[in-house]
Amino acid sequence: MPRGDGLPKVLRCNFYLHKIEELKMAFVNSTAPVNFIICLRSWSSKANDVPFKVQNNLTGERLVLRRFINRSKGLLVRCPIERDEAKWAEWEKAALEWKWRQWNRIAIYFNANDISDG
1 MPRGDGLPKV LRCNFYLHKI EELKMAFVNS TAPVNFIICL RSWSSKANDV
51 PFKVQNNLTG ERLVLRRFIN RSKGLLVRCP IERDEAKWAE WEKAALEWKW
101 RQWNRIAIYF NANDISDG
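Residue 1 is where the sequence shown starts when you use my numbering, and the numbers rise one by one after that.
Source of the hints: derived by calculation from the structure; they are not laboratory data.
Hints should not be assumed to be uniformly reliable.
Straight-line alpha carbon distances no greater than 27 Å define the calculated DSS-like cross-link-like pairs of lysine-lysine that follow [as the list claims (entries may be wrong)]:
| no. | residue 1 | residue 2 |
| --- | --- | --- |
| 1 | LYS24 | LYS73 |
| 2 | LYS53 | LYS9 |
| 3 | LYS93 | LYS9 |
| 4 | LYS53 | LYS19 |
Beta-carbon label-pair distances, calculated as ranges [claimed, not checked]:
| no. | residue 1 | residue 2 | range |
| --- | --- | --- | --- |
| 5 | ALA86 | ARG3 | 17 to 23 Å |
| 6 | THR31 | ARG67 | 26 to 32 Å |
| 7 | LYS19 | GLU85 | 18 to 24 Å |
Built from N, CA and C at the ideal position, the CB exists for glycine as well.
Work out the full structure: start from the sequences and follow the hints.
Here it is, written out as structure tokens:
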């Protein structure tokens with residue numbers, strides 16, 4: 001469900017990219033557009049965890065992974081292929097600068113060992 005104000009959903013999480021190829025395949029095979037910005041707080045050190053850009057012509061979206069701040073943080077952005085670059089740059093910058101210890105946030109914690117591949 002999209003946000004009522006038209007802005008992309010923003011999430012911050014620890015993320016280890018050991019299943020990045022599965023994430024890319026899920027995006028390429030998706031049929032419904034969903035815009036979001038995910039701020040990645042942790043970055044695995046595997047050599048194959050490199051920034052990328054993938055397009056899905058069916059949904060008219062691109063999925064972009066970029067690193068920032070000495071390669072320890074990053075952004076995973078799912079957005080329209082044709083987008084207002086100035087607006088999205090502003091939203092991405094705001095997401096990186098967001099004060100995450102605010103009152104209006106939801107924190108979800110779970111044991112990743114409880115999650116299986118199916």
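Checked hints:
| no. | hint | verdict |
| --- | --- | --- |
| 1 | LYS24 <-> LYS73 | holds, 19 Å |
| 2 | LYS53 <-> LYS9 | holds, 19 Å |
| 3 | LYS93 <-> LYS9 | holds, 14 Å |
| 4 | LYS53 <-> LYS19 | holds, 16 Å |
| 5 | ALA86 <-> ARG3: 17 to 23 Å | holds, 19 Å |
| 6 | THR31 <-> ARG67: 26 to 32 Å | holds, 29 Å |
| 7 | LYS19 <-> GLU85: 18 to 24 Å | violated, 29 Å |
Violated hint: 7 only; the structure is consistent with all others.
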